[in-house]
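Letter by letter, the chains look like this.
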Amino acid sequence: MARLEDLTLTHRLFVANYPFRKVDWAPGARLAKPLAKSKLALISSAGVHLPGQNPFDLGFRGGDFSFRVIPNTFDVRRLKISQRSSDFDQTGARLDANLVFPLDRFRELVERGEIGELNHRHYSFMGSISAPGKLISHSAPRVAEMLRKDEVDAAFLVPA
Amino acid sequence: MCNQSVGLIAGVIEKAGIATIGLSLLRMVTERVRPPRALFVPYPFGYPLGKPNDARLQHRIIRAALNLLESAEELPILQNFVAE
Chain A
18 MARLEDLTLT
28 HRLFVANYPF
38 RKVDWAPGAR
48 LAKPLAKSKL
58 ALISSAGVHL
68 PGQNPFDLGF
78 RGGDFSFRVI
88 PNTFDVRRLK
98 ISQRSSDFDQ
108 TGARLDANLV
118 FPLDRFRELV
128 ERGEIGELNH
138 RHYSFMGSIS
148 APGKLISHSA
158 PRVAEMLRKD
168 EVDAAFLVPA
Chain B
1162 MCNQSVGLIA
1172 GVIEKAGIAT
1182 IGLSLLRMVT
1192 ERVRPPRALF
1202 VPYPFGYPLG
1212 KPNDARLQHR
1222 IIRAALNLLE
1232 SAEELPILQN
1242 FVAE
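Sequence lines, in order, name chains A and B.
With this note's numbering applied, the first sequence covers 18 to 177.
With this note's numbering applied, the second sequence covers 1162 to 1245.
Read the hints as simulated data drawn from the structure, not as lab findings.
Since the structure is predicted, the reported quantities are computational estimates derived from the model, not experimental observations.
Mixed in with the good hints, there may be bad ones.
Simulated pairs of lysine-lysine, DSS-like, Cα-Cα distance not exceeding 30 Å [unchecked claim]: (1) B:1212 - A:54; (2) B:1212 - A:166; (3) A:151 - A:54; (4) A:97 - A:50; (5) B:1176 - A:151.
Heads up, incomplete: computed chain B residues facing chain A, CB under 10 Å, no partners named [what the hints assert, rightly or not]: (6) 1179; (7) 1185; (8) 1193; (9) 1196; (10) 1214; (11) 1225; (12) 1239.
Pairwise CB distance ranges, derived in the manner of DEER restraints [unchecked claim]: (13) B:1224 - A:137: 16 to 26 Å; (14) A:23 - B:1214: 18 to 28 Å; (15) B:1224 - A:74: 12 to 22 Å; (16) A:41 - B:1233: 17 to 27 Å; (17) B:1233 - A:133: 31 to 41 Å; (18) A:168 - B:1205: 34 to 44 Å; (19) B:1233 - A:26: 21 to 31 Å; (20) A:165 - B:1233: 18 to 28 Å; (21) B:1189 - A:103: 12 to 22 Å; (22) B:1189 - A:106: 18 to 28 Å.
Glycine included, each C-beta is placed from N, C-alpha and C at the ideal position.
Please take these sequences and the hints and turn them into a complete structure.
Structure, rendered in structure tokens:
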């Protein structure tokens, strides 16, 4: 696991004093059917995006809370990364984007019959957001709404 | 901050009635954000699925996380991934 000590001193002091936010999700949702019949979507906060999409705005005050849609058919080897966090070492992800956006692994799970299907689209955020108000009030609910519209059964989230 | 963002997004989606599971690289942050389900992985920032080009390890991590998604235990479920 990454440790607090892995952060730069400035970031460590920031985290120690930061008023972390919470979302009241109670009572929670349960899978209504077996995984082998469920539809899943991936959500990454690594800042991945398609070559043709606008990169995340790394200068946005408080952190860019927007998201990008990644089509299920997209070749992960062509994904780009724009990420503000200096703690996120991108070396591994540039060798293998599945390290932060494991779409190939999920395709294999579908082929093996362990997961019913993947949604036709997935979502990408740039997780380095120190002021997450708009993330909670705007972009995350928008993604939740699209997941509902697509009748997705479960979301698999990956930080970076 | 990535770990907070993932926890918050998970909370919003779960509230909308869709089950979520998230990986976490920083236990201390995720325990404070308290998403419905999280699997703590013992890897550095930028390496949530363990190692690049190691499909076997990546599958083990995903499987462990999916087990939490299928679990009927009381929420939140926050567990460690145990590497071999």
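Now the hints, each set against the structure:
1. B:1212 - A:54: Holds, because 29 Å separates the two Cα atoms, which is no more than 30 Å.
2. B:1212 - A:166: 34 Å, violated
3. A:151 - A:54: The given pair, whose Cα atoms are some 34 Å apart, is violated under the 30 Å limit.
4. A:97 - A:50: 34 Å, violated
5. B:1176 - A:151: Given pair residue 1176 (chain B), residue 151 (chain A) holds - Cα atoms ~17 Å apart, limit 30 Å.
6. 1179: Residue 1179 (chain B) check passes; min Cβ-Cβ to chain A is 5 Å, inside 10 Å.
7. 1185: Residue 1185 (chain B) check passes; min Cβ-Cβ to chain A is 6 Å, inside 10 Å.
8. 1193: This hint holds: residue 1193 (chain B) lies near chain A, its Cβ roughly 4 Å from the closest one there, short of 10 Å.
9. 1196: At 8 Å from the nearest chain A Cβ, residue 1196 (chain B) passes the 10 Å test, so the hint holds.
10. 1214: 5 Å, holds
11. 1225: Result: violated, 12 Å to nearest chain A Cβ.
12. 1239: Residue 1239 (chain B) check fails; min Cβ-Cβ to chain A is 12 Å, beyond 10 Å.
13. B:1224 - A:137: 16 to 26 Å: 24 Å, holds
14. A:23 - B:1214: 18 to 28 Å: About 23 Å separates the Cβ atoms of residue 23 (chain A) and residue 1214 (chain B), which means 18 to 28 Å holds.
15. B:1224 - A:74: 12 to 22 Å: 36 Å, violated
16. A:41 - B:1233: 17 to 27 Å: Roughly 22 Å apart at Cβ, these two residues keep to the hinted range, so it holds.
17. B:1233 - A:133: 31 to 41 Å: 19 Å, violated
18. A:168 - B:1205: 34 to 44 Å: 36 Å, holds
19. B:1233 - A:26: 21 to 31 Å: 43 Å, violated
20. A:165 - B:1233: 18 to 28 Å: Distance hint for residue 165 (chain A), residue 1233 (chain B) holds at roughly 23 Å.
21. B:1189 - A:103: 12 to 22 Å: At roughly 19 Å between Cβ atoms, residue 103 (chain A) and residue 1189 (chain B) fall inside 12 to 22 Å, so the hint holds.
22. B:1189 - A:106: 18 to 28 Å: 19 Å, holds
Checked against the numbered hints given earlier, this structure breaks hints 2, 3, 4, 11, 12, 15, 17, 19; the rest are met.
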